[in-house]
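Student: With these hints in hand, go ahead and build the complete structure from the sequences.
Chains as they are written, first to last, in our numbering: chain X, 1 to 144; chain F, 145 to 254.
Treat the hints with care, since some could be wrong.
Stated by the list, open to error - Footprint (simulated), chain X over chain F, 3 or more residues, beta carbon under 8 Å:
{"#": "1", "region": "193-199"}
{"#": "2", "region": "204-214"}
{"#": "3", "region": "232-238"}
{"#": "4", "region": "241-253"}
If you are wondering where the hints come from, they were derived from the structure by calculation, not from laboratory data.
Cβ coordinates follow ideal geometry from the N, Cα and C atoms, glycine included.
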Amino acid sequence: MNADENMEVRLPNSLGALHELHAVVVQFCRRRAIHPDTEFKIDLALDEVFTNIVRYGYDDQLSHEIVVRLKGGQNSIRISIEDDARPFNPLLAPEVDVDAPVAERRIGGLGIHLVRNLMDQVRYQRRPVGNRLILIKRLGKEEN
Amino acid sequence: MTVQEGKIDSFALLEIIGRVTSENSETLKAYLQELGKREQHVLIDCSALEYISSTGLGALLVLLKLIQNKHGILRLFCVSPRIVEVFKISGFDKYFPIFPSLEAARRAET
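Tutor: What follows is the structure, given as structure tokens:
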């Protein structure tokens, strides 16, 4: 594996860091000539995961670090997001009702619903302190 | 993200430009809430909308609820295929009629 194909970024738990996260995704995908449709999906999935951590992960007002790693393989991209937030497995969150009538539709839970549907695999790992979410996106379908 | 507003027929014509992320979606939501209170019929030009996250979809849902409560019309047009897919995954394609052009949106039968 060429080290240049992997990227790691350490971001503060602030929505202001979304710019930097987006820039990292763009740089990683362009360097690997990943299809723009796939880049869009990775960008959106990471935005949703990062936003959930920043908004709901911390009970204090302190600064925390969220570590995002992107790793390119032959057939897939592996993304991990590590935090020191309180334990939360988003895969156990209740599914959103996408068929609900407008008046009853709530927006909560939509982020993780998008992540599940945009990525090919989502795995959760509890860490001694914090959480790790692993996203796998297969390459190929849009690449052709 | 920037927002531009105009008027066509009895519709408010809104253009959302750029990227709607969770960082700026509160700004959009505040704008759409105000728009939804003063207008009854709204067309949204999405031709320059590059990206929208779930919080941005939430802002659109707020506007839709306000418009539907007064039996108004809300239509989107020129939505990129990537964003249409996000709408479909979210179930929002059932809430928001999407048209290929401004002409199609303004002339559609209710």
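Student: To test your reading of the hints: which numbers does this structure violate?
Tutor: Of the numbered hints given earlier, the structure breaks just one, which is hint 4.
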